[in-house]
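Residue numbers (numbering that gives the first Met the number 0), protein chains in the order written: chain A, 0 to 174; chain B, 0 to 189.
These are computed hints drawn from the structure, not numbers from a lab.
Be aware that a few hints might be false.
For lysine to aspartate or glutamate, the following DMTMM-like pairs were computed, each having C-alpha atoms within a straight-line distance of at most 25 Å [as the list claims (entries may be wrong)]: (1) B/K48 <-> A/E101; (2) B/K139 <-> B/D53; (3) B/K165 <-> A/E101; (4) A/K152 <-> B/D142; (5) B/K149 <-> B/D114; (6) A/K152 <-> B/E45; (7) B/K139 <-> B/E54; (8) B/K48 <-> B/D18; (9) B/K139 <-> B/E45; (10) A/K129 <-> B/D114; (11) A/K152 <-> A/D39; (12) B/K149 <-> A/E101.
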Amino acid sequence: MSLLIHLAWTFALLSILAVGGGTAVLPEMQTILAHQFGIDHTQFVHIYSIGQLAPGPNMLMVLVIGYQIAGLLGAGVVLLSFFLPSSLMCFYMGRLWNRFGESPWRRSIQNALEPISIGLMSSGVYAVAKASVVSSITLVLALVTLYLILRTKINPVLVILGSGGFGALLMAYLN
Amino acid sequence: MSSQLPVNTQLAKSPNLGDLFIQFLTIGAISFGGGIIAYERILLVEKRKWLSADEFMAYLAISQTMPGLNSVNMAVLAGDHLRGVLGAVIATLGLILPGSLFVLGIGLIYANAGDHPSINWILGGIAAAATGLLAAITYKIGDTHWRHVKSLAIIICTFVLMSIFKLSLPYVILIMAPISIYLFRPGQSQ
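All chains, please: the whole structure from these sequences, using the hints.
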């Protein structure tokens, strides 16, 4: 029971901190999960990859984390605690917005928060890269994907699946 | 013919809950590889005309400013706009249901076979590619911020506090938010 409360508290906090989207809390999530819930960096990156393959919001992968830690109940608790607090805040902000409309301060705060969330996203890239780019093969896969996503219109899921399959073949062959 | 127009407009503005659910469920099921906001815009503004382009932009701004995933926040706001509290709940549930079932299915397999070497190779390869994808998305979302000195300085300071000094996230925000809001206060140029 205390494990579930701990999970709920952790993900509710991450939910409220996720300014700029889920990627902004990736490094924090990774650190907390490693220190407090025994999910190591490799597991975390594997689970993150599953989220990338899923349709809908990529951060739904938090369900797998909940499942790993406390089974189906854990997945449910994580789903509620990760999506409810931020959604409630947004809901009330939407209603306030409809009452007050645009003010110069609102625009300022948004402009100010944008670079912070991009900085946090960069930290997210760094955290995931540290755990997933572990050899020359994985480095090449990451760079090729970066290039393909930025320069071509190929569906990202196909790029990821292709490079996952290709990488698996290479690693299996070299082992 | 013309007498029916107001009726149609009325219908377009208040979809029934079932339709709202199905539309967001569809987005949740087909929006692979990010870019959900784009799908939501197509549905809300172009396909069903449930929101005007202006309303969509206003809700997008709130979605991005508030914590939480932008696509989920958009579902909350659009759902509330169209059908109140129940609409917000229904739209959000529709959006996250397909992906939730998907990750739970794969997660189940992973939890039971995560030690198998081939699973490790495949997920290892996918993880490396996902890192490339994440870098690309971050670069794209950063857009013009990468070229503005003020924005770039904030980005770098945030990154250094978070990744190099390894401060915890609440502290990073407590330090950076006041500085950044001061720099971007009303009346300042970009």
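- Message: Against the 25 Å threshold, does the CA-CA distance of B/K139 and B/E54 hold or violate the hint?
- Response: 24 Å, holds
- Query: Under the criterion that the straight-line Cα-Cα distance not exceed 25 Å, is the pair B/K139, B/D53 satisfied?
  - Reply: 23 Å, holds
- Item | Hint consistency between B/K165 and A/E101 [alpha-carbon to alpha-carbon, up to 25 Å] | Answer violated: B/K165 to A/E101 is near 36 Å, above 25 Å.
- Proposed proximity, B/D142 with A/K152 (alpha carbon, max 25 Å): The given pair, whose Cα atoms are some 18 Å apart, holds under the 25 Å limit.
- Does B/K139 pair with B/E45 here, judged by a C-alpha cut-off of 25 Å? 24 Å, holds
- Mind checking the alpha carbons of A/K152 and A/D39 for me, to see if they're no more than 25 Å apart? 34 Å, violated
- Message: Just to be careful, I want the Cα atoms of B/K48 and A/E101 compared with a cutoff of 25 Å; is the pair within it?
- Response: 23 Å, holds
- Query: Is the straight-line distance between the alpha-carbon of A/K129 and that of B/D114 25 Å or less?
  - Reply: 21 Å, holds
- Query: Given the proposed pairing of B/K48 with B/D18, does the C-alpha separation stay at or below 25 Å?
  - Reply: Holds. B/K48 to B/D18 sits at ~14 Å (cutoff 25 Å).
- Message: Check whether the Cα positions of B/K149 and A/E101 lie no farther apart than 25 Å.
- Response: 24 Å, holds
- Task: Take the C-alpha atoms of B/K149 and B/D114, compute the straight-line distance between them, and say whether it is at most 25 Å.
- Result: 47 Å, violated
- Within 25 Å, alpha carbon to alpha carbon, are A/K152 and B/E45? The given pair, whose Cα atoms are some 22 Å apart, holds under the 25 Å limit.
Hint compliance for this structure: hints 3, 5, 11 are not met, and every other hint is.
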